[in-house]
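Student: Spelled out from the first residue to the last, the chains are:
2 protein chains.
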Amino acid sequence: MNIGIDMMGGDFAPLEAVKGIGLYLEQRKRAEDQREKDKEPGASDEGKVQLTLFGDEAQIKSLLEEHQINLQHIKIVPTSQVVDMHEHPTKALKEKQDSSIAVGFGYLAKGLTDAFISAGNTGAMMVGSLFSIKAIEGIQRPTIGAYMPRENGRLGWLLDAGINADCKPENLAQFAMLGTIFAEQVLNIPNPKVGLINIGEEEGKGNLLAQAAYPLLKETKGINFIGNIEGRDVFLDKADVMVCEGFTGNVILKLAESIHDLTQRRKINDEFFNMFEFEQYGGVPVLGVNKPVIIGHGISGAKAFMNMINITQKMIEKDVIGMIKARL
Amino acid sequence: MNIGIDMMGGDFAPLEAVKGIGLYLEQRKRAEDQREKDKEPGASDEGKVQLTLFGDEAQIKSLLEEHQINLQHIKIVPTSQVVDMHEHPTKALKEKQDSSIAVGFGYLAKGLTDAFISAGNTGAMMVGSLFSIKAIEGIQRPTIGAYMPRENGRLGWLLDAGINADCKPENLAQFAMLGTIFAEQVLNIPNPKVGLINIGEEEGKGNLLAQAAYPLLKETKGINFIGNIEGRDVFLDKADVMVCEGFTGNVILKLAESIHDLTQRRKINDEFFNMFEFEQYGGVPVLGVNKPVIIGHGISGAKAFMNMINITQKMIEKDVIGMIKARL
Chain V
1 MNIGIDMMGG DFAPLEAVKG IGLYLEQRKR AEDQREKDKE PGASDEGKVQ LTLFGDEAQI
61 KSLLEEHQIN LQHIKIVPTS QVVDMHEHPT KALKEKQDSS IAVGFGYLAK GLTDAFISAG
121 NTGAMMVGSL FSIKAIEGIQ RPTIGAYMPR ENGRLGWLLD AGINADCKPE NLAQFAMLGT
181 IFAEQVLNIP NPKVGLINIG EEEGKGNLLA QAAYPLLKET KGINFIGNIE GRDVFLDKAD
241 VMVCEGFTGN VILKLAESIH DLTQRRKIND EFFNMFEFEQ YGGVPVLGVN KPVIIGHGIS
301 GAKAFMNMIN ITQKMIEKDV IGMIKARL
Chain S
1 MNIGIDMMGG DFAPLEAVKG IGLYLEQRKR AEDQREKDKE PGASDEGKVQ LTLFGDEAQI
61 KSLLEEHQIN LQHIKIVPTS QVVDMHEHPT KALKEKQDSS IAVGFGYLAK GLTDAFISAG
121 NTGAMMVGSL FSIKAIEGIQ RPTIGAYMPR ENGRLGWLLD AGINADCKPE NLAQFAMLGT
181 IFAEQVLNIP NPKVGLINIG EEEGKGNLLA QAAYPLLKET KGINFIGNIE GRDVFLDKAD
241 VMVCEGFTGN VILKLAESIH DLTQRRKIND EFFNMFEFEQ YGGVPVLGVN KPVIIGHGIS
301 GAKAFMNMIN ITQKMIEKDV IGMIKARL
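Chains as they are written, first to last, in our numbering: chain V, 1 to 328; chain S, 1 to 328.
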């Protein structure tokens, strides 16, 4: 398994990515030592995750050395350009062909890596996904979701979180399927409850899109559709997977993010409200494309990078992409 | 000035309405006493607010007596039926012609009262408004807004809050105008900043509706349009009037309401987060109809009823309806 990492994405690049890789390798070492102690059969060297790092070679090398990171399973692919956070995605990818994102997607498309992680320009990551590895056949609209803090202490999964501002009912049904597989396989929620975000409880309520999506969701096989949920249910455990178009989803996500800032400024320290610190969760996958692509928050720190590698590894191990294909 | 009140609406009818009237009259008495003390010219008896109460006469009379309420400016109009909270609005109004809501709208339409307040069935209040006193000529979609707690301690005004789930761009431009007048005249915010709820900051971002509404809002005269705002800006003081279609607005409102429940359950007592207790604000007006109509929360208590009478009085005194007509 070979995971590609864009070292130049995010506000603290490449330092936090390097530190995150350090945390990931330490965690892996601890797990191996434990297995050895318990005399369990360990994974062979072949099965180990290889990391391919894209970015400024000199900077990365010096940081890896500084942080005393074991280079055994690391390969650096030098790139000379960086796509900035606010650049136009399509234009930037076209013009900066030696950028860490462009080269990273090149490796992914050629099968030299199995997944790609970046905390860089979200738009460029979306465009890169759609043009290099492409949407899975039958998926109309790949989507990005968002973790949602819930009162029961377990994260929910909201999608779409802003990539698809206008949607058709069929898109929401596919989001439900994609979200179900992700919640089940990666978030470890068995038979996740799927709720349609709406403005009333009963079938027939809502705008035209929600009204049309409800019967489609009822018919969708392989999802545990529980009906409409409302704004007041988002932070409860009513539904594990919450579907809506990306306009409402993005408003909910950014509103939820602002709650963390507000509680911080008001000096509120509460287990539940601390869950609104979204940076801790690492990145979110682009669901519906042919290989695992994980996009991190621009302000991702070391822990977020470690979590992104863990999520990616899990997506590969569980063959999330294969499961999606099998459902189409 | 004669304000009609549905005494049978809300979860605690008619008790909380009676207590609210009591609070309102006490507050008025205190203001009068103060004026007398300061030797200011007081309002003559003619200028005083008369209250017309619709509902079960025996119950209301006994409660008024029990709470020692001065009956000088109160008139009871006995009604024998009640529209329940979950009844179908149009059907209920048609079948229950002697309900407090139906009779209340009858008085309003005939000019026997100048405004109508209810904490009852929201749908019936909307239908009653549209059929009895009707939308102001030129208003495509009357709307209901919602108060939004903001970090600066002053309420913002979000509209539409759920009545118009699907909207055209022109609807949002009218909401901006209606919201501006309400925020200026009733919430005392001079030259209120109007923001378009969207999923990005720049013009051109958003779903098709938001993209089309932006240039219209720029052109709308008499509003202080500041551009797009995002989910993270809702609880800040970025915009005073926040416009969107009623789907997103309703999700925001119910999500905000749930924050109060969550902080209560987590035993968080904070000045800002206490603002999320929506019942304290009394009701919201149906904006865009020919007379002031105020709809309260089902769980409205005495203070909410007092606030509803105050808001209604202010809307009449400031001639909010006349100002809206002048802008069309």
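Note that these hints are calculated values from the structure, not bench results. Wrong hints could be hidden among the right ones.
Identical chains blur together in the list; that is why a pair holds if it fits in one copy or across any two.
[Stated by the list, open to error] With a Cα cut of at most 27 Å, we get these calculated DSSO-like pairs of lysine-lysine:
(1) Lys96 x Lys205
(2) Lys254 x Lys193
(3) Lys19 x Lys238
(4) Lys314 x Lys48
Student: State for each hint whether it applies.
Tutor: Status of the hints after comparison with the structure:
1. Lys96 x Lys205: Classified as between; 24 Å across copies, 47 Å inside a copy.
2. Lys254 x Lys193: For Lys254 and Lys193, the Cα distance is within 27 Å both inside one copy (23 Å) and across copies (20 Å).
3. Lys19 x Lys238: neither (37 Å within a copy, 36 Å between copies)
4. Lys314 x Lys48: within (13 Å within a copy, 71 Å between copies)
When held up to the earlier numbered hints, the structure conflicts with hint 3 and nothing else.
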